[in-house]
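**Q** Sequence order for the protein chains is A and B. So the mapping is simple: my numbering equals the position in the first sequence, first residue as 1, plus 398. So the mapping is simple: my numbering equals the position in the second sequence, first residue as 1, plus 1.
Read the hints as simulated data drawn from the structure, not as lab findings. Here the structure is a predicted model, which is why all the values come from computation and not from measurement. Beta carbons: idealized from backbone N, C-alpha and C, even for Gly. Warning: the hint list may mix true and false statements.
Claimed, not checked - Sample of chain B residues facing chain A (criterion: CB under 8 Å; computed from the structure):
1) I27
2) T73
3) S76
4) S78
5) F79
6) M80
7) P112
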Amino acid sequence: MNHVTSAASNSMLWLAVGLFVATYAAIISEKVNRAIVALLGAGLMIVCGVLNQQAAIDGIDFNTLGLLAGMMIIVNVTKRSGLFQYVAIWAAKRVKAHPIGIMLMMSLVTALFSALLDNVTTVLLMVPVILLITEELKLSPYPYLLAAIFMSNIGGTATLIGDPPNIMIGSAVGLGFNDFLLNLAPIIVVIMLVTVPLMALIWRKQMVATPEDRARVMAFNEREAITDVRLLRQSLFVLFLVMTAFILHGMLHLEPATVAMLGAALLLLLDNFKLDAEAQSHKVHHAFAEIEWITLFFFVGLFIAVRGLEQVGAIDHLAQWMLQITKGDMTITALTILWGSAIASAFVDNIPFVATMIPLVKSMAPAMGGEAAIMPLWWSLALGACLGGNGSLVGASANLVVAGFAERTGSPIRFIGFLKVGFPLMLLTVAIAHVYIYLRYL
Amino acid sequence: MKIKICGGKPADTLYENAPLHKAVSIITSKRLAALPVINEQGVFVGIIGVNGLLEMLLPKAVRSALAQNDDTIPSLSFMDDNMDELRVRLASLSDVTVGKLAKRDVPVIYPDSPVMEAVLLLLRGEDDVALVERETRKFMCMVSALDLLHTLNEGVGK
């Protein structure tokens with residue numbers, strides 16, 4: 399009887415693994431939209447009996463979804479005020495529109511925005527202004543676009559809300575905004591101090607503009623970029639409240655998703671205050687329509703697919719296998735996760751990768767001294783998965799968004815061209831992270 | 002199409018290898034909203050319109066955003082330009098061929114299309130609509146909202 403039960407659970411394990419691998423392969427192939435693939439994979443996990451519907455719903459991390467959706471609404475409403483154009487133009491003028499100065503400032507602003515917003519949103523806001531300024535300066539936008547990609551991935555690593563892997567890790571492990579800020583932001587500052595001057599050095603010969611062209615950028619009036627002063631004030635007020643609540647969330651006992659959703663609701667309330675019902679419907683519809691539903695449904699499907707793997711014990715098997723390889727040594731395990739995550743994330747989407755790694759790392763906790771003892775593993779995973787995105791053009795969604803912009807404006811970014819700069823830069827940043835992890839945690 | 006739209010006068014057309022300055026010259030002198038672009042066999046290729054010409058003056062990033070229906074750059078009021086600069090920008094395009102800048106994926110109407118279809122396309126689009134032969138796509142004439150209203154009005158009371 400036991401033999402029969404074991405065979406049945408064994409076949410269920412292989413079925414779940416097969417479904418998961420097929421889902422993963424289909425996501426990597428990019429033949430079908432990733433949200434469709436993830437939802438199909440999740441649906442098949444239920445239909446094939448790996449999970450029942452309740453177990454599937456229990457697998458969805460609503461804290462991650464709520465945080466992402468809330469921040470998307472806040473950014474979509476805020477961007478109408480012209481705030482992001484204002485900051486970008488202001489930054490370019492602070493360095494007298496000098497091409498190298500602009501590279502440094504845009505890198506700084508992109509990294510800062512990326513730490514507070516998600517990476518795709520950041521590049522969507524920054525790239526049009528970068529293209530506009532480089533066109534006025536008659537410069538190739540290529541170095542600036544690559545810098546925007548690199549800095550969005552590097553800057554996003556610094557905080558809980560900067561990159562989806564961090565949101566997922568934070569939610570799964572119960573880490574807050576301050577935990578990420580204190581553990582990851584310091585090394586991100588160091589990485590920026592190394593990489594930004596390096597980029598300026600690599601492309602310095604391309605970054606020359608005439609005084610006339612610089613004067614044209616200097617004549618930009620950044621105040622005119624603000625299209626709605628009232629909305630700007632409201633947005634800044636809500637952003638301030640949200641950031642404060644993230645920092646104080648431990649004292650307030652509020653999950654990040656609650657903070658982001660409340661912030662979004664407050665901003666929508668302020669933006670729609672005193673409008674008639676029809677105008678409110680129009681504005682709210684517009685704000686909700688701009689949520690990246692593909693990303694959110696991709697997450698839903700992935701969470702369910704990964705829960706399927708957990709349910710059949712595949713994650714435990716994988717964790718045991720990894721412990722055998724690393725012999726349970728914290729240093730070897732942490733650095734393997736760091737480099738493995740970085741290399742994997744350079745070529746496959748870091749979201750499904752991290753979704754799979756989270757239960758794997760959790761499963762290793764009992765054998766490695768408990769949950770508190772494995773904190774270096776979480777920081778290694780976060781650093782590897784986020785920084786790895788710079789390794790290739792397909793390493794992160796933000797990379798492809800910028801490539802799309804570049805293609806449409808006649809300055810295409812090719813896979814090999816990107817790889818030649820991005821991969822060595824990624825190795826350099828992960829090497830810096832390696833030293834940091836080793837010195838601080840191991 | 003039940004109503005005869007094309008008048009007796011041949012419509013202005015441009016071959017796709019014509020220079021852009023010729024399009025600008027005809028459009029401005031005859032105050033046309035759009036000019037049809039055809040190939041050497043007289044087959045309709047696309048349209049070059051006033052809006053398309055003006056769009057070429059915008060920075061690439063803004064043109065790309067417009068094409069994507071993206072409001073990432075909600076305003077250009079921060080920019081500082083002057084008429085001379087814009088004239089230089091327009092002049093720099095004068096030798097580009099019309100075929101390169103023509104809008105190609107434009108909807109057209111056929112002689113047997115319902116009038117309602119022509120009305121809908123005119124209300125949806127920014128330019129006049131081309132009337133082409135269904136089988137060969139040979140260009141016949143351009144139909145403007147004014148032409149259509151004029152033709153309809155001529156029939157009133159008959």
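**Q** Under 8 Å is the threshold here; is the Cβ of S78/B close enough to any Cβ of chain A for the hint to stand?
**A** Nearest chain A Cβ about 4 Å off; hint holds.
**Q** Go through the hint on P112/B and say holds or violated, using the shortest Cβ distance to chain A against 8 Å.
**A** Since the shortest Cβ distance to chain A is 37 Å, the answer is violated.
**Q** Quick check on I27/B please, does its C-beta sit within 8 Å of some C-beta on chain A?
**A** The hint is violated - I27/B has no Cβ within 8 Å of chain A, the shortest such distance being about 28 Å.
**Q** Are S76/B and chain A close enough, Cβ to Cβ, to be under 8 Å, as the hint says?
**A** Because about 5 Å separates S76/B from the closest Cβ in chain A, which is inside the 8 Å limit, the hint holds.
**Q** Checking hints one by one. Is F79/B an interface residue toward chain A, by the C-beta closer than 8 Å rule?
**A** Interface hint status for F79/B: holds (4 Å vs cutoff 8 Å).
**Q** Tell me if T73/B is really an interface residue toward chain A, meaning its C-beta lies closer than 8 Å to one of theirs.
**A** Where the cut-off is 8 Å and the nearest Cβ of chain A is about 5 Å from T73/B, the hint holds.
**Q** Minimum Cβ distance from M80/B to chain A below 8 Å?
**A** M80/B check passes; min Cβ-Cβ to chain A is 6 Å, inside 8 Å.
Consistency with the previously given hints fails for numbers 1, 7, ordered from lowest to highest.
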